[in-house]
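*Asks:* Line by line, the protein sequences are chains A and B. Quick note on the numbering used here: the first sequence kicks off at 1 and runs consecutively. Quick note on the numbering used here: the second sequence kicks off at 1 and runs consecutively.
Hints listed in this document are in silico derivations from the structure and should not be mistaken for laboratory results. Possibly wrong hints are sitting among the right ones.
[As the list claims (entries may be wrong)] Some but not every residue of chain B turned toward chain A, in silico, with C-beta under 8 Å:
#1 A15
#2 I51
#3 G53
#4 E89
[What the hints assert, rightly or not] Negatives, chain A to chain B, calculated, CB over 10 Å:
#5 D61
#6 K111
#7 P181
Using N, Cα and C, we set each Cβ at its ideal position, and we do this for glycine too.
Number of protein chains: 2
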Amino acid sequence: MSAVTAPTRNGIDTATLFATLDLIKAQPELARFQFRATNRWLGGGHNRSTIKGFYAAGGEDTTRTETFEIDAGEPAILLGTDTGPNPAEYLLHALAACLTTSIVYVAAARKVELTSVESTITGDMDVRGALGVDDEPRNGFEAIRISFSVTGDAPPEKLREVVERAKRRSAVYDMVTNGVPVAVDVATG
Amino acid sequence: MSAVTAPTRNGIDTATLFATLDLIKAQPELARFQFRATNRWLGGGHNRSTIKGFYAAGGEDTTRTETFEIDAGEPAILLGTDTGPNPAEYLLHALAACLTTSIVYVAAARKVELTSVESTITGDMDVRGALGVDDEPRNGFEAIRISFSVTGDAPPEKLREVVERAKRRSAVYDMVTNGVPVAVDVATG
């Protein structure tokens, strides 16, 4: 029995964190994950994703008990009835959430106790692209800006280093800035 | 008074749809939109985005009455407590939702009455990247696959054309496949 108790920092069990990193270093095949969602159209601009199962560390996950259902919509000006955030807003959420979690985990590993992490994220779009009225503007956001406010028990320079490291490791930041190959297939009838 | 009543197709008011497209063609400056979210860390792998306001068609939106709050989390194996889908799962949702909405709107414009649009989306990740234990695997998904099942009152070839057009106009598909410049700034203390 060790005299060192497992320290929880930023709500993260750092003993488990380091044990997980060691395990994956030793057995890289455990690092293969697959995440999934199913989506169903509910009428107009309203659709719903269902998220539960995923593959991780050599097998299908059995720990997640809740099935998440998340609704997307469009506001009136985009011909919907506000049944949820729109898909582009969900992308902003995914990016802000991933950078935030990365900041929290990096800080935990580097012995920085955070007190708050807040952010505002914006995306600018010329909707002529997505609406198909002009081929020149791209369909998606031309630019995304995210402003973090981070406080904790480390000097500003150290907090900035944590954010910088989080950027270099965030899964969604990588995908949104660099792109991912997407294969689409269709069954009809 | 027109004898032609506004036809709703796939839950979309197509008269309003075409009027919106005509307006934006005539006044391209109305096509400038900005979407936003604010995010706050709630402990460990748990954070929450708040989404309401956006800029559209020359002014700040006043039609959306609901404030959306969406929670992100991580499963146990990624050191969280399943307080919501994780950020990478939200990105899959954003992509499936955007392609689905694009399919529905394109079909409405092309006089195709849809009966169902369902999809399954998966993303494959080697988590050594995001966990920072190896520099070789990328942080995000290596590949995303989405399989649509689409039914409606058009022949299979026409339904496939609708999906193909939706891909070419989807805002999130553009962003996820091509990437977007993201600016991150940080205030500390």
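*Asks:* Now tell me, hint by hint, if it's right for this structure.
*Replies:* Each hint, compared with the structure:
1. A15: This interface hint is violated because 11 Å lies over the 8 Å limit.
2. I51: holds (5 Å)
3. G53: violated (10 Å)
4. E89: At about 5 Å, which falls below the 8 Å cut-off, the nearest Cβ of chain A leaves the hint on E89 of chain B intact, so it holds.
5. D61: Given that some Cβ of chain B is not farther than 10 Å from that of D61 of chain A, nearest at about 6 Å, it is violated.
6. K111: holds (15 Å)
7. P181: violated (5 Å)
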